[in-house]
Structure formats: C-alpha cells, structure tokens
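There are 2 protein chains.
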Amino acid sequence: VMAAIESVIILGAGSWGTALASVMAQTGKRVQLWGRDAGLMRALGEDGENRRYLPGVRLPEGILFESELEALQAADAVFWVVPSGYLRALVERAGALPWAQAAGVWVSCSKGIELSSGMRMTEVMREAGGGGLPCAVLTGPNHAEEVARGLATAAVVACEDEAVAIRLQAAVSCPWLRCYRTADVAGAEWGGALKNPYALAAGMAKGLSLGDNAIAALVTRSLAEMVRFGVVMGGRAETFYGLSGVGDLVTTCYSSHSRNHRLGVALGRGEKLADLLRASSMVAEGVPNTKSLYEAARRAGVRVPLLNEIFAVLYEEKPPALALRDLLARDVRAEGEG
Amino acid sequence: VMAAIESVIILGAGSWGTALASVMAQTGKRVQLWGRDAGLMRALGEDGENRRYLPGVRLPEGILFESELEALQAADAVFWVVPSGYLRALVERAGALPWAQAAGVWVSCSKGIELSSGMRMTEVMREAGGGGLPCAVLTGPNHAEEVARGLATAAVVACEDEAVAIRLQAAVSCPWLRCYRTADVAGAEWGGALKNPYALAAGMAKGLSLGDNAIAALVTRSLAEMVRFGVVMGGRAETFYGLSGVGDLVTTCYSSHSRNHRLGVALGRGEKLADLLRASSMVAEGVPNTKSLYEAARRAGVRVPLLNEIFAVLYEEKPPALALRDLLARDVRAEGEG
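Read top to bottom, the protein sequences are chains A and B.
Per our numbering: the first sequence = residues 1 to 338.
Per our numbering: the second sequence = residues 1 to 338.
No lab work stands behind these hints, which were simulated from the structure alone.
A virtual CB, placed ideally from N, CA and C, is assigned to each residue, including glycine.
Certain hints may be false.
As the list claims (entries may be wrong) - Cβ pair distances, simulated, as ranges:
hint	chain 1	residue 1	chain 2	residue 2	range
1	B	G131	A	G150	53 to 59 Å
2	A	S256	B	A300	38 to 44 Å
3	B	R303	A	R269	44 to 50 Å
4	B	R149	A	R298	34 to 40 Å
5	A	S256	B	G28	40 to 46 Å
6	A	K318	B	G56	30 to 36 Å
7	B	D37	A	D275	51 to 57 Å
8	A	R269	B	G132	50 to 56 Å
9	B	D37	A	P305	43 to 49 Å
10	A	R269	B	R30	38 to 44 Å
11	A	E238	B	K272	37 to 43 Å
To be verified - Partial list, derived from the structure: chain B residues whose beta carbon lies under 7 Å from chain A:
hint	residue
12	N142
13	H143
14	G150
15	L151
16	D212
17	S255
Claimed, not checked - Partial pick of chain B residues on the chain A-facing surface, computed with a CB cut under 8 Å:
hint	residue
18	P141
19	E146
20	V147
21	A154
22	L210
23	A214
24	T220
25	Y241
26	V246
27	V250
28	Y254
29	L328
Please model the entire structure based on the sequences and the hints provided.
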C-alpha cells in the first residue's frame with residue numbers, strides 16, 4: 001500500500017502546473033516544478049512568480065524549479081500537466097527515468113484525446129511508459145488563476161485503485177480546493193476532453209450575439225451529446241452529470257477565463273483561426289480536441305451533430321454563423337436525441 | 001380531437017406574456033392579450049409597445065389588448081402567464097368564464113410551486129377550475145426580451161396528451177422559436193420552479209466575487225439536488241437533464257437578464273432583501289419559490305442542503321457569505337450525493 005503523498009513532481013509550468021505547485025507547496029509537500037524553458041524556470045526562481053503564465057500570483061517558498069528532466073529527484077507522485085498533444089512525447093522522454101518509475105502514481109492533468117490513436121491520456125501514459133504504475137486523472141472546473149488566488153474550487157480525482165485515489169485526494173486538497181473522487185476514469189477523461197469543443201461553440205454563439213437563450217440550447221445539447229458519446233466510449237452517465245462533466249462544461253462555456261471560450265468568441269466575431277492561433281502563446285485545447293474527438297466519433301459510429309459543425313468551422317472554413325444556424329435549426333426527433 | 005390552434009388568449013401582459021403575444025400574432029394567430037392594469041393595456045394599444053415590461057420591442061398589428069376578463073372572446077388555447085403566487089386567484093376569477101371553459105387547452109407559463117399546498121401550477125389550475133380541460137406547460141430557457149427580438153430560442157411544451165402537445169408545439173413555434181415536447185409534466189414543472197432558488201445562490205456567489213470555479217461547483221450541485229428532489233416528486237431524471245431543467249438552470253445562473261440572478265448578485269454585495277423587493281417592479285420568482293420548495297422538501301423528507309442555505313439567507317437573515325461558505329465547505333459523502 002502506498003503511503004501518504006509527501007512529495008510531488010509537476011511536469012509543466014503553465015498556469016495550471018504552476019497553480020498546483022503553489023497549492024501543494026502551501027500544504028507542506030516537497031514540490032519540484034519542471035518546465036522545458038530553462039529561462040522561464042530560472043525566472044520563476046528569481047521572481048517568485050510565473051509572470052508569463054500566472055502573473056500576479058506570489059509563489060510560496062520551497063518549490064524547486066527545474067528545466068532538466070534528468071535532474072529531478074524521486075517523489076511520491078508525478079503530475080503530467082502538458083497540452084494533450086505533447087503528453088506522449090514527454091512520457092517517452094521522461095517515463096523511463098528513475099524518479100518516474102519510482103513514483104507511486106502518475107496523474108494526468110491533460111484534457112484531450114490523442115488524434116492518431118483515439119486514446120485517453122491515461123491510456124497514452126500507460127502505453128508510452130507507465131505500464132506498471134497506477135494512473136489517475138485530476139480534472140474538474142478549475143481555472144488555475146482562481147485556485148492560485150485561494151478561491152473556493154472543487155476538483156475530481158479519478159483512479160481505478162481506491163486506495164491511491166484517497167491518497168491523491170488528500171494530497172491535492174487544501175482549505176479552498178476540495179477534491180472529490182471517482183473510479184470512473186474513462187468518464188472523467190471523456191468529459192474533460194469533450195467540453196472544450198462545446199465551449200468553442202458557445203463562444204462562437206456569444207461572438208455572433210445570438211443571445212443567452214441560444215447558448216442555453218447549445219449547452220443543453222452539448223451535455224446530451226457528451227453523455228451519448230461518452231457512455232459509448234466507456235464512461236458512466238452519472239460522471240458526465242458531475243463536476244468533471246457538466247460542471248467543467250458550463251464553466252468553460254460561460255467563463256471569460258477560458259481560452260477555448262475566448263477563442264470561440266473571436267471566431268464568432270469573424271476573426272480567422274490561423275491569425276488567432278499565431279497571436280496566442282497558450283494552447284486552446286479545443287482546436288486539436290475537436291479533430292481527435294471528431295475522428296473518434298467516426299470510428300465509433302456515434303452521431304455527433306455538434307462536433308461535426310464545430311469541426312467544419314475549424315477545419316473546413318465553414319462560417320460560424322452558418323454552422324450555428326444549422327445547429328439551432330436542424331430537426332431534432334425528440335429532446336435529448338441531439 | 002382538437003383542431004389546430006388558430007386563436008389564443010394570453011393572460012398576463014408582463015414581459016413573457018407580451019413576447020408570446022408578439023410571436024403568435026406574427027405567425028397568424030388571433031391573439032387577445034389581457035392584463036389587469038387598464039391604463040397599461042390602453043398604452044400598449046396606443047404605443048404598439050409594452051414600455052413598462054418589454055421596452056424597445058415593436059408589437060405586430062392585430063393583437064387585441066384587453067383589461068376586462070369578461071370581455072374576452074372564445075379561443076383555442078389559454079396561456080396563463082402570471083407570477084406563480086397569483087395563478088390560483090386568477091383561475092378562480094376567470095376559470096369559469098365561457099371562453100375559459102370553451103378552450104381546448106390551458107397552458108401554464110408560471111414557474112413555481114404553491115406555498116400553501118405544495119402543488120405544481122397545472123395542479124393548481126386543475127383544482128381551481130380547469131378540472132375537465134387538458135392542461136399543459138410551456139417552459140425552458142426563454143428570456144422574453146430575446147424571443148421578442150427574434151433571437152434563436154428553444155422551448156419545451158409538456159402535456160400528458162400527445163395530440164394536444166403536438167398542436168401546442170405547432171402553435172408556439174416560429175422560425176426562431178423551436179418548441180420541443182415531453183409528456184413529463186411533473187419534471188418540466190419541478191425543473192422550472194427549482195432553478196430559481198439555485199440562480200439566486202449563483203448570483204450571490206457572483207456578488208461575493210467567489211469566482212467561476214465556485215459557481216461551477218454550485219451549479220453542478222444544484223443540478224444534482226434538482227434531480228434528486230424532482231425525481232422524488234414524480235419527474236423523470238432525463239427531463240431535468242434537458243432544456244427545462246439544466247438548460248433553464250444554467251441560463252438563469254449565468255445570465256444577467258435573469259431577475260433571480262440579479263437579485264442574488266445584489267444580495268451577495270450586501271444589499272438587503274426588503275430594500276431590493278421594494279425597489280423592483282418585477283417579481284423575482286426565486287423568493288417565494290424558495291419558501292414553497294423548502295416546505296415541499298420538508299414534507300417529502302428530501303435532503304436539500306442548497307435550498308436550506310438559500311432559505312436561511314432569504315428568510316432567516318443568514319449572511320450570504322456564511323451560507324455560501326457552509327455550502328462550499330461542507331463534507332459531501334460522494335459526488336452527486338449533495
């Protein structure tokens with residue numbers, strides 16, 4: 001049995017990785033935060049702040065900042081906090097290192113489905129190097145900025161091994177971050193991946209000034225499609241109705257903190273995707289997610305009219321106004337059938 | 001079998017009654033719009049606009065404006081569009097009149113539960129005078145202002161009699177207002193009533209600047225409580241996951257159009273309920289709803305921790321900050337259990 005988690009490695013020094021490092025350092029864990037940009041990691045140590053990805057948040061003392069994977073020391077848990085498209089490459093580079101294989105659990109904090117394989121992130125982790133280790137997911141409606149600023153937040157840990165889940169839950173929780181747990185790893189991962197494209201669509205509706213009634217209709221249909229698709233892929237319906245499904249969906253659809261939402265708004269206003277992607281230093285997971293989810297639905301033979309329209313906007317230059325009109329106007333056999 | 005609905009009476013000339021009159025007049029129905037304020041109804045006729053409740057929206061030609069219940073002429077359907085607390089009195093006054101008894105269907109557009117009886121609005125209609133007539137519900141995430149301005153909207157008609165539901169669906173739908181139907185009247189009514197208190201809570205969280213993560217956690221738990229309570233009261237879970245449940249919930253929780261949301265925001269900022277109610281000409285249904293739902297839950301023996309805290313704020317002077325803190329911090333046995 002794994003002991004309590006007292007030390008963690010966080011791979012990825014973006015906003016969420018930095019926020020997690022801050023929270024866990026404040027609750028007394030030994031924290032190593034790795035980022036591939038040596039200059040950025042040096043600046044974090046010197047400034048006590050991640051000015052690029054989490055500006056304005058003072059980081060607590062004691063975090064070790066590192067940009068050499070080989071220099072990391074063994075820890076009880078490894079958190080993988082990189083964009084979903086980069087996870088496999090990072091696991092291939094780092095997964096065989098001694099500290100990685102010595103960890104009691106690997107935790108995926110990435111929301112997405114791999115394009116080439118259709119795999120969930122924990123499946124990618126297992127296949128690419130974590131075969132023998134417990135894998136878990138940390139997900140939920142968690143804007144990094146708010147967690148880092150101490151605002152009340154609820155998250156979800158998903159792990160098939162309940163003993164590991166309980167330890168992870170204890171490690172991540174703090175007075176303002178409450179962490180629930182579930183054994184439904186598939187449901188937690190499909191919910192987290194699917195909400196991103198739907199948030200793009202809600203953002204487009206907002207950018208097009210379609211109104212709150214239209215956005216409510218879109219969000220409702222997004223949830224129905226998420227459940228229909230996600231259950232086929234092995235998740236449990238109740239998981240999609242919880243924090244990692246509908247909770248993450250609504251906050252991403254309505255919050256201006258969300259990069260996916262903001263990108264959708266800009267697309268709705270007529271800006272071009274290529275220009276938006278060039279101008280942004282952060283990755284809006286919804287763009288690659290839409291492609292991998294569209295492909296996964298095709299392979300599984302699931303009807304996903306919303307994903308199809310979002311795909312058409314992002315990859316086939318369909319005007320957002322036309323896509324939304326087609327979505328809101330199409331005949332639906334009965335509510336819930338999509 | 002009832003014929004197609006070609007004429008309607010709309011009782012209540014607030015924003016939603018006026019918007020419905022506008023939509024149905026534009027699709028060629030003969031529309032009589034009744035309001036109890038003779039001066040307002042005269043002004044509607046003269047101005048072609050409801051400056052008090054739906055300012056800026058030009059009403060189509062052909063609507064008959066009336067302030068005398070006895071002067072209304074027979075029509076195929078009667079829409080009752082009054083605050084839930086006034087419905088019984090209006091049915092008692094008007095339900096026995098010839099046009100009311102001659103109608104093919106009564107449609108409740110009120111969202112609430114009667115305080116004294118714990119009855120749903122269609123149950124109140126039946127008991128107070130509509131015993132022999134088909135009763136239906138029109139509900140969903142439908143801000144009147146947006147419907148009146150022609151923005152895409154999805155609504156729900158609930159009626160146990162499918163033939164009547166199909167006719168109502170046809171009568172209310174227009175190119176920008178899509179109307180779905182369900183036979184689950186209880187689910188549609190409990191969803192519509194419950195979302196109002198939860199929107200007050202989300203508003204309070206916003207007024208207290210608790211952040212989007214906290215609001216997402218609240219909305220998720222609101223949905224879980226809505227389903228748990230509503231299923232005990234006879235609704236089907238799938239109805240609460242549709243437009244009349246989660247759809248109406250999220251738009252009321254996130255939209256600044258919503259009176260309940262705005263009232264919650266003001267309470268969260270420290271304003272006093274009595275002052276807010278005095279200053280407003282519109283009824284925020286969430287205030288009486290909270291009391292009747294709290295009582296109904298007590299009678300049914302259902303655990304409703306969210307409703308209890310909202311009740312404590314509105315009726316027992318509990319500070320919103322304390323209520324929200326207690327809600328976000330309390331121990332939850334497992335996600336979904338509330």
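Status of each hint after checking the structure:
At roughly 57 Å, the beta carbons of G131(B) and G150(A) sit within the given window of 53 to 59 Å. Against the hinted window of 38 to 44 Å, the Cβ-Cβ separation of S256(A) and A300(B) comes to about 39 Å, which satisfies the hint. The hinted range of 44 to 50 Å is satisfied by R303(B) and R269(A), whose Cβ atoms lie roughly 45 Å apart. Between R149(B) and R298(A) the beta carbon distance is about 38 Å. The supplied range of 34 to 40 Å therefore holds.
Judged by the Cβ atoms, the range 40 to 46 Å given for S256(A) and G28(B) holds: they are separated by roughly 41 Å. Restraint check, K318(A) to G56(B): a C-beta distance of roughly 33 Å satisfies the suggested window 30 to 36 Å. Judged by the Cβ atoms, the range 51 to 57 Å given for D37(B) and D275(A) holds: they are separated by roughly 54 Å. Checking the proposed 50 to 56 Å range against R269(A) and G132(B) shows it holds: the Cβ atoms sit about 54 Å from each other.
Against the hinted window of 43 to 49 Å, the Cβ-Cβ separation of D37(B) and P305(A) comes to about 45 Å, which satisfies the hint. Checked against the given bound of 38 to 44 Å, the beta carbons of R269(A) and R30(B), roughly 41 Å apart, stay inside it. As the Cβ distance of E238(A) to K272(B) is approximately 40 Å, the hint placing it in 37 to 43 Å holds. Among the interface hints, the one on N142(B) holds; its C-beta lies about 6 Å from the nearest C-beta in chain A, closer than the 7 Å criterion.
A least Cβ separation of about 6 Å between H143(B) and chain A falls short of the 7 Å threshold, and the interface hint therefore holds. For the restraint placing G150(B) at the interface with chain A, the shortest Cβ-Cβ distance is roughly 10 Å, beyond the 7 Å limit, so the hint is violated. The interface hint given for L151(B) holds, since its Cβ lies 4 Å from the closest Cβ of chain A, which is under the 7 Å cut-off. Hint status for D212(B) relative to chain A: holds, with the closest Cβ pair at about 4 Å, below 7 Å.
Below 7 Å, beta-carbon pairs count as interface contacts, and S255(B) has one with chain A at about 4 Å; its hint therefore holds. Because the closest C-beta pair between P141(B) and chain A is about 3 Å apart, less than 8 Å, the hint holds. Using the Cβ-Cβ criterion of 8 Å, the hint placing E146(B) at the interface with chain A is satisfied: the shortest such distance is roughly 4 Å. With a cut of 8 Å, the hint placing V147(B) at the interface with chain A holds, because the nearest CB-to-CB distance is about 7 Å.
Against a cut-off of 8 Å between C-beta atoms, the interface hint on A154(B) holds, since the closest Cβ of chain A lies about 4 Å away. Given the 8 Å rule on beta carbons, the hint for L210(B) holds: about 6 Å separates it from the nearest Cβ of chain A. For A214(B), the interface hint holds, the least distance from its beta-carbon to any beta-carbon of chain A being 4 Å, beneath 8 Å. With a cut of 8 Å, the hint placing T220(B) at the interface with chain A holds, because the nearest CB-to-CB distance is about 4 Å.
Taken as an interface hint, Y241(B) checks out: its beta carbon lies about 7 Å from the nearest beta carbon of chain A, inside 8 Å. A least Cβ separation of about 6 Å between V246(B) and chain A falls short of the 8 Å threshold, and the interface hint therefore holds. For the restraint placing V250(B) at the interface with chain A, the shortest Cβ-Cβ distance is roughly 5 Å, inside the 8 Å limit, so the hint holds. Nearest Cβ of chain A to the Cβ of Y254(B): about 4 Å, under the 8 Å cut. The hint holds.
With a cut of 8 Å, the hint placing L328(B) at the interface with chain A holds, because the nearest CB-to-CB distance is about 5 Å.
Comparing the model with each numbered hint stated earlier shows that hint 14 is the single one that does not hold.
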